[in-house]
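Asks: Next come the chains, spelled out residue by residue.
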Amino acid sequence: MEDPRVEECEHDSNKTEEDTQMEEGEQNNKDMEVSPALISVHPTQNSVAVAVGSDLRVFNLLEDCAVTLVDESGGTSHNDSIRGIKYGANGKLFVSAGDDKLVKVWSTESWRCISTVCSEKRVSAVAVSHDGLHVCFADKFGVVWVVDLPGFDGTEGPLNKKAVPMLAHYCSIITSLEFSPDGQFIISADRDFKIRVTVFPKKPLDGAHEIESFCLGHTEFVSCLAFICSPDCSQGILVSGGGDSSVRMWDIISGSLLDTCEVGAKTGQLESDASEGNFSTVTDICTIPNCTLIAAAIQSLQGIMLLSYDLPSQTLSVAKVVSIVGEIFIPTSLGSSISGGLLWMVTGASKLRSFDLSSLSRVKVISGFTKSSPDSSEQEPVVLADSEIPGGTKLLEKLQGSISIDERLSLAAADAVKTAMCNLLIKKQYTVEKREFRKRTRNDKKSKQ
Amino acid sequence: MLENKASPTINKSTGLPRKRFYRARAHSNPLSDSHFPVPLSPSHVDYSLHYPQLFPSSDQIDSSRKIQFVDIGCGFGGLLISLSTLFPETLMIGMELRDKVTEYVKERISGLRVANPGQYQNVSVVRTNSMKYIPNYFEKGQLSKMFFLFPDPHFKEKNHRRRVISPHLLDEYAYALQVGGIIYTITDVEELGEWMKSCLENHPMFEALLEKELEADPVVNLLSTATEEGQKVARNGGQTFQAVYRRIAPAS
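Chains A and B supply the protein sequences, listed in that same order. With numbering that gives the first Met the number 0 applied, the first sequence has no gaps in its numbers, which climb one by one up to 448 at the end. With numbering that gives the first Met the number 0 applied, the second sequence has no gaps in its numbers, which climb one by one up to 251 at the end.
If you are wondering where the hints come from, they were derived from the structure by calculation, not from laboratory data. This one's a predicted model, so the numbers in the text were calculated from it and none came from an experiment. Glycine included, C-beta positions come from ideal geometry on N, C-alpha and C. Worth double-checking, as some hints may not be accurate.
Claimed, not checked - Sample of chain A residues at the chain B side, in silico, Cβ under 8 angstroms:
no., residue
1, 166
2, 170
3, 193
4, 208
5, 213
6, 228
7, 426
Using the sequences and the hints, build the whole thing.
Replies: So this is what it looks like as structure tokens:
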């Protein structure tokens with residue numbers, strides 16, 4: 000009963016061998032355990048964090064040194080895949096959470112764990128309110144929980160708080176959680192193609208009841224959210240990516256779809272194996288501050304796709320693809336900071352089967368984004384060599400675990416992540432015969448002669 | 000059955016479907032993944048399919064006219080049929096998760112439309128999971144009445160999250176209802192009646208109707224008399240528990 004998807008089978012407790020044959024192809028459930036490597040960058044690029052499996056790695060860029068996390072908040076440290084990491088908007092807090100049902104709040108100054116909150120279910124996404132007073136996290140049953148951190152000034156002892164449910168998507172896995180730039184709204188995206196915009200209330204512990212809008216238009220699961228900040232609209236413009244290989248732009252007040260950019264078609268031209276109608280899921284998107292670009296990580300795309308947006312005309316279009324040459328690198332997560340002008344990428348996965356080394360992460364950075372149109376030839380975004388990355392090899396050693404990475408492992412990781420994501424988020428399509436076969440023992444299905 | 004080649008499931012004299020051919024299980028799991036089509040958004044709901052006489056073609060939809068009443072878990076459709084003639088100018092729809100029951104209501108409506116030309120054109124039914132897809136069918140503030148009559152009680156505590164009235168789902172109902180819109184609930188299970196009442200009472204966007212408002216509302220009387228389930232309860236001399244609440248603007 001851990002996963003809502005399991006329940007669709009609950010009437011089949013008296014399975015027979017025939018059933019088992021009918022259900023072949025469901026053997027991949029173990030692959031769902033594979034979790035992608037994640038990256039998050041401090042708002043002013045003071046530090047960078049990478050999570051792979053249960054391992055949380057942080058590098059302090061200000062002092063150019065690896066960070067040792069201090070966890071005296073009681074309870075255990077992360078012991079299963081981390082599914083969400085995020086810095087608060089003011090940069091003081093960092094949150095990590097995942098399959099071990101632990102939500103950990105860290106101070107980004109001391110890198111001490113301020114609080115460990117226990118969730119009832121596995122956590123799929125996290126967010127910190129703009130005032131840094133509330134941490135929200137979403138579980139795999141569609142409930143968004145909130146916990147308050149009053150009077151946090153970095154000196155207090157560990158707080159132990161209980162989370163309360165704030166809002167819920169009905170039994171759907173929540174894939175992403177974001178606050179609007181003005182902090183007025185909390186946005187939650189789910190597996191059922193839905194994006195919900197809820198007013199973030201003054202007293203979140205009493206629940207967030209007022210739904211501002213639903214952003215409907217994705218034709219598959221929504222995988223990621225990001226905001227474009229605009230001086231003309233304080234609540235920002237929402238951008239989302241999904242399993243339908245599209246990136247969409249939304250007005251969150253009305254919920255209306257402003258523009259859609261189909262990215263699958265564009266990647267198709269670049270790779271050879273994009274036939275068989277295989278959708279290229281958008282795994283992550285990231286706005287690049289100080290220019291009108293959005294970076295998108297797309298399954299099976301070696302590199303990233305840059306989309307450019309135009310706010311007056313409310314349009315979104317593919318600007319260019321930045322390919323990564325010389326090694327296999329399909330990003331699983333993206334991050335950027337307000338000031339750094341860099342796009343940070345990570346690829347990797349944990350719990351890889353049939354390999355000695357069970358987890359892998361590889362970090363890369365792109366620089367050279369300019370305010371002007373990327374079409375102009377004055378400056379092109381470039382992938383930095385390992386030695387040019389801020390923090391250099393010291394950073395890579397910390398965030399990757401080692402400096403050199405086995406090529407075969409990168410490819411295996413990319414594949415495993417893809418399979419895991421499909422198994423988790425895409426609805427299984429059963430044929431009519433298969434469905435009728437499952438219902439055959441139901442009383443109302445028995446034929447009356 | 001041989002003498003009625005056309006359709007044995009239709010009553011020859013009334014043209015209405017015969018219920019015994021549409022028997023279904025009393026319960027359906029709202030948590031399971033669904034396999035029926037769902038409109039992408041409220042603007043994708045094809046009104047010409049549901050109300051063919053009022054919306055002759057799908058490309059010239061009168062966008063000012065929208066569904067205003069919804070009966071969640073409409074069952075065999077008794078309430079909708081009564082409401083259809085009571086509010087002939089209002090578009091209404093029933094939502095039902097069980098496919099066979101939905102088929103029955105569909106046949107029933109088309110039978111009534113044939114037998115009573117000009118009537119029952121404002122009523123329709125759709126097979127869907129209302130707990131998941133309300134936002135796909137209705138825009139913000141589109142509805143003026145929502146009905147939850149004799150819902151599945153889901154007694155076990157671990158199944159309470161399957162109840163159609165719950166604190167979190169009320170947020171979605173409040174979204175679909177206009178300010179002043181009314182939510183009607185009734186059950187013959189005391190425990191569920193108390194649950195629904197307390198959910199509504201504790202929600203900041205709903206307030207109870209006053210006693211005299213209930214008396215003045217012609218719909219309240221239909222809750223226990225118009226539905227098949229309500230008639231069954233009355234036949235057995237059972238008690239019913241109702242909770243009728245109005246959508247209010249949240250205090251800011």
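Asks: Against the earlier hints, flag every one the structure doesn't satisfy and list their numbers going up.
Replies: Hint check: 6 fails alone, others pass.
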